[in-house]
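Protein chains in written order, with our numbering: chain A, 54 to 435; chain B, 1115 to 1527.
FYI, nobody ran anything at the bench for these hints, they're computed from the structure.
Do not rely on the hints blindly, as some may be mistaken.
[What the hints assert, rightly or not] Below, simulated BS3-like cross-link-like pairs (lysine-lysine); rule was C-alpha separation at most 25 Å, straight line:
(1) Lys-123(A) / Lys-187(A)
(2) Lys-294(A) / Lys-331(A)
(3) Lys-1148(B) / Lys-331(A)
(4) Lys-1524(B) / Lys-1214(B)
(5) Lys-1465(B) / Lys-294(A)
(6) Lys-167(A) / Lys-187(A)
[Claimed, not checked] Here chain A is said to cover these stretches of chain B; the calculated rule only asks that three of the stretch's residues, wherever they fall, bring their Cβ under 8 Å from a Cβ of chain A:
(7) 1140 to 1151
(8) 1355 to 1363
(9) 1387 to 1395
(10) 1503 to 1517
None of these values were measured; they are calculated from a predicted model.
No residue lacks a Cβ here, since even glycine has one placed at the ideal position from N, Cα and C.
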Amino acid sequence: MASIAGKKSGLTWAVHISVAALVLLWLFPTVGLFVSSFRSADQISSSGWWAALFPSEQNEVYRTADPGDKRVADGDIFVVTGNIFEGAPRDIKAWGVSSRDVAAYQPGETAELKDGESVTLQPDGNYVWRGNDKQISGRGQRIFITATVPPEFSLENYTTILFSGSGQDNMAKAFFNTLTVTIPATIIPIVIAAFAAYALAWMEFPGRALLIAAVVALLVVPLQLALIPLLRLHLGIGIGKGYLGVWLAHTAFGMPLAIYLLRNYMVGLPRDIIENAKVDGATDFQIFTRIILPLSFPALASFAIFQFLWTWNDLLVAKVFLIDATGSTTVMTNQIVELLGTRGGNWEILATAAFVSIAVPLAVFFLMQRYLVRGLLAGSVK
Amino acid sequence: MLTDNPALLGLVTIVIGVGACLGYFFFSNVVLDKVIFPATGPNAGRNINRANMVRPWLFLFPAIFALSLYLAYPVVETLRLSLTDRSLDGAFVGFENYRKMMAESKFWEAVRNNMLWLIVVPAASTAFGLLVAQLTDRIRWGNLAKSLIFMPMAISFVGASVIFKLIYDTRPADQNQIGVLNAVWLKFDGGIGSVLMLQVLPTLMYLAFAAIVAYVAWLFVKDIVAKGQDRSVWLLPLRLLVGVAGVWLVWLSVSSAVGVWITELPYGEPQTWLTLSFWNNFFLMVVLIWIQTGFAMVILSAALRGIPEETIEAAIIDGANPFQIFFKIKVPQIMGTIVVVWTTITLTVLKVFDIVFAMTNGQWETQVLANYMYDKLFRANDWGIGSASAIVIMLLVTPILVWNVYNARKEMK
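Please model the entire structure based on the sequences and the hints provided.
Put into structure tokens, the structure is as follows:
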């Protein structure tokens, strides 16, 4: 705005920095979950996830080979040589031979022990341990090292959650259940609402304004009110708890927003097109399917995304109308809540399960953000 | 056999559902035009008119059916249930359920917490949303920033609860903290940095909040005091209400600002944040604010873009600084949108269930109405009190409902 007047605002830098700070603050929680889902249980419980991104210093204990068959005589002195790392090298920062001072020596230095016994450790882990017959016997010498360990991540948690886990730890079934709930519950309301929206937008009939007002009113009715009466209804007419019930419920609960969004969009379409088609003898059904539906694609997409996100993320409707005592139709949100209860401390399971459940909505969000924004702008009652 | 495979069942449902809908619309139109009112013969003209009178209802019927059965009927039925007792075979008991509910301390706890949510969450989300919308308006990577702040909108309340439970996690004092909040908290040791961050800064924030509230309340009240304005008598109670609420909030924030200096903070001890009564409500609210800020930002950002450039240019020429432009030129012009955002978030807050259910389940004095209702319905199996609390939620929503309908009708004219 300041640039309109031809001068650059001195606040520009402050603006850049504050926006960056806000974005980081908003991303931080999700990133924490994401990073944690790639760490093992031990890693998660021993350090914060933010430490996982950088090399960390760890103290480790190794032992030289046992002298028994390995020692080599060199005059009176016996020598054991070898490498303390067996295939897993570390970047040694310091080392020691006693638990009281684990960082007494630098790599490459020689530790002089009592009576001429000595240990030398090279940076690559090669050691030379020398001493007399008595000193070089029994078990191997302990060596303490302080090493920098590079960040370590694995896909193991995802394998557990998606494939190999047992019982509650396995989300594969819940994932498919969620999909099974979501897709019909997204598509069917669109079809029904589109016809209604067309009638409310382009057909003249008494009571139209009243119906639109009713839709606006129903837009805000809390679905909490619907729980008991509808559950009673479903149980009464034999639908019971199951997919059919949850599809019907989601279809109806999404209907006010669908009609509202689509009507507002359709009303804005040019009148000429519709009137020309009527003059050419098209029926309302033809006008709707051939002209209105294709032109309304952006609004249909907006609503589809809303309904998809809402049904995918829903917990309450699924708990009331879908999940029965056997729990075989559990959805991901419900399984995560159960995991929070039973595996509250197992963050590797929780973080991965949560991330599996939010990955699909996030993908949809980033791919179709344009339509989501458009829908939000049209859907908030002005 | 079909029910063994839910995915297949889903697919079949889509085909049947969509097919049935399209089939219904197509064939009902055919029947109407060819069989009932054929556009041929001696009455062709009259028949076409008749058919066109019936057709809208053909198009509307499935939607009206779904809306009335699944949304309108439950409102009435819940009202009826709230006046009956399930254990007495649904006998009419008048306001007995409401009386029992009012006698429960858990209910009042839920009401109190809901009020707190209703004040804090919409205010904070709208303020953050407005801040981000304004800041990103000027910079080149604004769209990227907005998209990242908008992202939590796609995350379920349950997923967000897990995310924030990790942030609030607590370990014993001798272990590494894995929750960010405790890790940061343990950095404070009571030194000068702690005083600045935990006492001076909150005090300033409380006082700034008090100032803003006082200013807004004054805007509402000053028309009463001003002479020669006798319009809108029915707004008088509203203005007085805002004034009283404003005084109360100012008092609350000033006393909190004093409280910051009196309380002894337990430095060096890891805290179990979700069990700190009263404050834990705010830790739950943060989750919803985190999600809703993106929504507020998107709408307010579009509103800011819609402000006529001339008004801003004129202000710049008159020598207004960026803050004056923002508060005196931009904010008044988008006030309508701010109200819309505020009410929409208010609706979300009234229905908030998943966050409380997943994070504390109403323990440690964090109960809210929606979770209280769920508790009554499906744990205590008390449909009377459950329905009564649902009606309370409905009553709280009603003013917004009326306001929305009023505006929508005004807009259509």
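Hints, one by one, checked against the model:
For the suggested pair Lys-123(A) and Lys-187(A), the alpha carbons sit about 15 Å apart, so the restraint of at most 25 Å is met. A hinted pair counts as satisfied when its Cα atoms are at most 25 Å apart, and Lys-294(A) with Lys-331(A) does not qualify at roughly 46 Å. A threshold of 25 Å between alpha carbons decides the hint, and for Lys-1148(B) with Lys-331(A) the separation of about 18 Å falls inside it, so the pair holds. Proposed proximity of Lys-1524(B) and Lys-1214(B) is contradicted: the alpha carbons are some 41 Å apart, above 25 Å.
For the given pair, Lys-1465(B) sits about 23 Å from Lys-294(A) by alpha-carbon distance, which is consistent with the 25 Å threshold. As the CA atoms of Lys-167(A) and Lys-187(A) are separated by approximately 12 Å, the hinted pair is consistent with the 25 Å bound. Counting residues of the region 1140 to 1151 of chain B whose beta carbon lies closer than 8 Å to any beta carbon of chain A gives 3, which reaches the threshold of three, so the coverage claim holds. Only residues whose beta carbon comes within less than 8 Å of a beta carbon in chain A count, and the region 1355 to 1363 of chain B has 0; fewer than three means the coverage is violated.
Under a criterion of three residues with beta carbons nearer than 8 Å to beta carbons of chain A, the stated coverage of the region 1387 to 1395 of chain B fails, only 0 such residues being counted. Counting residues of the region 1503 to 1517 of chain B whose C-beta sits closer than 8 Å to any C-beta of chain A gives 7, which meets the bar of three, so the coverage hint holds.
Violated hints for the displayed structure, listed by number in ascending order: 2, 4, 8, 9.
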